[in-house]
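Position chain B relative to chain A; hints supplied.
As a plain string of letters, each chain reads:
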Amino acid sequence: MSWKQLEEGAVVKGGTSASYVVSGWRVKRPIINEAKCTNCLICWIYCPEPAIVRHEGGKVTIDYDHCKGCGICETECPPKAITMVREP
Amino acid sequence: MTQTQTLRVAALQGDEAVAEAVRQCDVDVVAAYPITPQTIIVEKLAEFVADGRFRGEFVPVESEHSAMSACIGAAATGARVFTATSSQGLALMHEMLYNASGMRFPIVMAVANRALSAPLVLNADHGDMMGSRDCGWIQFYAENVEEIYDRTIQLFKLSEDPRVMLPSTINFEGFILSHDKERVRLLDDEQIKRFLGRPKPKHRIDPDDPLTFGAIATPDTYYEFRMQQTEAMKNSLHVFDEVEMEFESFSGRRYGAVDAYNTNEADVVMVINGSAGGTMRAAARALNAAGERVGVLAIKLYRPFPTEQIVSNLAHARAVVIMDRSLSPGAPSGPISEDVKSAMQLAGLNKPVLSVVYGIGGRDLSTDDGKNIFGMAKEGSTFGSSTVMYGVKV
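Each protein sequence line maps, in turn, to chains A and B. Position in the first sequence (first residue = 1) + 3 = the numbering used here. Position in the second sequence (first residue = 1) + 1475 = the numbering used here.
Only chain A is shown next, with the shape it has when bound in the complex (with noise of 0.2 Å):
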């Protein structure tokens, strides 16, 4: 793109990572085990992007769209709920 059509001073819309896609970034992707997950929301908590989702009645699953397989999850589920696996 030309230098005349950016926009002067890198301004952009605002806005969060909500809005993109950022699976590609992944390397393993967690993966909870329903029968171990007390739907304490300690990985809602933690998770630094928006990939944590609370359906109604509690069930926590996970969007993968907005993980980027950091871990962070599996490291801090009390009662180890998460495993991280290698992506296909």
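These aren't lab readings, by the way, just hints derived from the structure by calculation. In this text, all values refer to a predicted model and were calculated from it rather than measured experimentally. Yeah, the Cβ is synthetic: ideal placement off N, Cα and C, and Gly gets one too. Careful, some of the hints might be misleading.
[Unchecked claim] Mimicking DMTMM-like on lysine to aspartate or glutamate, the simulated pairs with C-alpha atoms at most 25 Å apart in a straight line are:
#	chain 1	residue 1	chain 2	residue 2
1	B	K1826	B	D1742
2	B	K1668	B	E1723
3	B	K1816	B	E1723
4	B	K1677	A	E11
5	A	K16	B	D1681
6	A	K7	B	E1706
7	B	K1656	B	D1636
8	A	K7	B	E1699
9	A	K39	A	E90
10	A	K16	B	D1695
11	A	K16	B	D1636
12	A	K7	B	D1695
13	A	K16	B	E1854
14	A	K7	B	D1663
15	A	K7	B	D1636
16	A	K71	A	E52
17	B	K1816	B	D1609
18	B	K1846	B	E1740
19	B	K1675	A	E11
[Unchecked claim] Among chain B residues calculated to face chain A with C-beta under 10 Å, some are:
#	residue
20	M1640
21	L1686
22	F1688
23	D1695
24	F1700
25	Q1704
Here is chain B on its own, set in the frame of chain A:
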């Protein structure tokens, strides 16, 4: 107000003149940290706030890095913003200077030039600003207190112009100008308000319309953003002429990007900037009265570099002396000398050049020194030699 109206005349130090100009310019936010020899600016502005004479927000920050950061944040809201610093303070601001220019915020800053540590010194040379020379800020150097006052006012108009939108500095040597008390013909508050209007930035922080300023660039776009700054810097040269013309219409005062004395009649022209311009002009007048043919070209506007005006004023000289009040250890010569020689080369001017370093760390430069330096150029034996470290004790 018309030109015939009586102006308020005051005896002001350079720092006081800056503070008075800032008060009159309807500045919204001042974020600054005191450092010798700039301290009086910050003290005066704090005094104006305490006395209810200045309605702007005064933010007493904990460092110069924070001062420039606060200025950037304030400028993002569309406010008119000012700060002042010197030496180590400017060095501490360094990374934020690039953020201010990169986000295209028209912040105005006064720099009371002071040499850098170590060893610790409080007195003047241009090494502080030259260290941040490439930060994308418009850079002026003043020669007297009234010029400092006038330029401070002009800078808001120049920086805030939509064709420019770049931050700017007015440089003046610490103590020599910051603390020197001179006669200043103050302008009318209302006249300055009419001259400046209010800043009208294209973008500003708005909670209802969130924006990111200075967002991340890639190798695919960064170069283009810097090209925009380069073009804006080039544009500012023409906008500066308009600003000066309008300023002259009500003040009767105009300085130009350069001040040329006898450059068309002179065998030797000396190029210089800052307070020593007047000193060298006095030396040149005395020499010319005694039958010599010398001239002085004082650079007022350093960035953007007024290449054409400089080259045209050197066209008739047989030899050129270029004076630098800063050091670039290991370089062929000082930064102004590099720029002038480069401009001459581009214009095809092939003349003997004598590069001189002077006034480092506040070392005085008298009219007699000026005569000596012109004498060195007349002898011609020093041409082609390395940079002359004038006045150093050997």
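For each hint, the structure was consulted:
1. Distance restraint check for K1826(B) and D1742(B): the Cα-Cα separation of roughly 11 Å lies within the 25 Å cut-off, and the hinted pair is therefore satisfied.
2. The hinted pair formed by K1668(B) and E1723(B) meets the criterion: a straight-line CA distance of about 15 Å does not exceed 25 Å.
3. Restraint check: the Cα-Cα separation between K1816(B) and E1723(B) comes to about 32 Å, which exceeds 25 Å; the hinted pair is violated.
4. For the hint linking K1677(B) to E11(A), the alpha-carbon distance of about 10 Å falls within 25 Å, and the restraint holds.
5. The suggested pairing of K16(A) with D1681(B) holds, with an alpha-carbon distance near 11 Å, which does not exceed 25 Å.
6. Only pairs whose Cα atoms come within 25 Å are accepted, and K7(A) paired with E1706(B) is accepted, the gap being roughly 10 Å.
7. At roughly 32 Å between alpha-carbon atoms, K1656(B) and D1636(B) are farther apart than 25 Å, so this suggested pair is violated.
8. At most 25 Å may separate the alpha-carbon atoms for a hinted pair to count; K7(A) and E1699(B) meet this at roughly 8 Å.
9. This hinted pair checks out: K39(A) and E90(A) have alpha carbons roughly 22 Å apart, not beyond 25 Å.
10. Of the pairs offered as hints, the one joining K16(A) and D1695(B) holds, with about 19 Å between alpha carbons and a cut-off of 25 Å not exceeded.
11. At most 25 Å may separate the alpha-carbon atoms for a hinted pair to count; K16(A) and D1636(B) meet this at roughly 24 Å.
12. With a C-alpha separation of about 14 Å, the suggested pairing of K7(A) with D1695(B) holds against the 25 Å cut-off.
13. Distance restraint check for K16(A) and E1854(B): the Cα-Cα separation of roughly 64 Å exceeds the 25 Å cut-off, and the hinted pair is therefore not satisfied.
14. In summary, the hint linking K7(A) to D1663(B) is not supported, as the alpha carbons are separated by about 40 Å, beyond the 25 Å threshold.
15. Of the pairs offered as hints, the one joining K7(A) and D1636(B) holds, with about 18 Å between alpha carbons and a cut-off of 25 Å not exceeded.
16. At most 25 Å may separate the alpha-carbon atoms for a hinted pair to count; K71(A) and E52(A) meet this at roughly 8 Å.
17. Proposed proximity of K1816(B) and D1609(B) is supported: the alpha carbons are some 18 Å apart, at most 25 Å.
18. A hinted pair counts as satisfied when its Cα atoms are at most 25 Å apart, and K1846(B) with E1740(B) qualifies at roughly 18 Å.
19. A threshold of 25 Å between alpha carbons decides the hint, and for K1675(B) with E11(A) the separation of about 15 Å falls inside it, so the pair holds.
20. About 7 Å separates the beta-carbon of M1640(B) from the nearest beta-carbon of chain A, less than 10 Å, and the hint is met.
21. Because the beta carbon of L1686(B) sits about 5 Å from the nearest beta carbon in chain A, less than 10 Å, this interface hint is met.
22. For F1688(B), the interface hint holds, since its Cβ comes within 10 Å of a Cβ in chain A; the closest pair sits about 5 Å apart.
23. Because the closest C-beta pair between D1695(B) and chain A is about 8 Å apart, less than 10 Å, the hint holds.
24. Using the Cβ-Cβ criterion of 10 Å, the hint placing F1700(B) at the interface with chain A is satisfied: the shortest such distance is roughly 6 Å.
25. Checking Q1704(B) against chain A: minimum C-beta separation of about 9 Å stays under 10 Å; hint holds.
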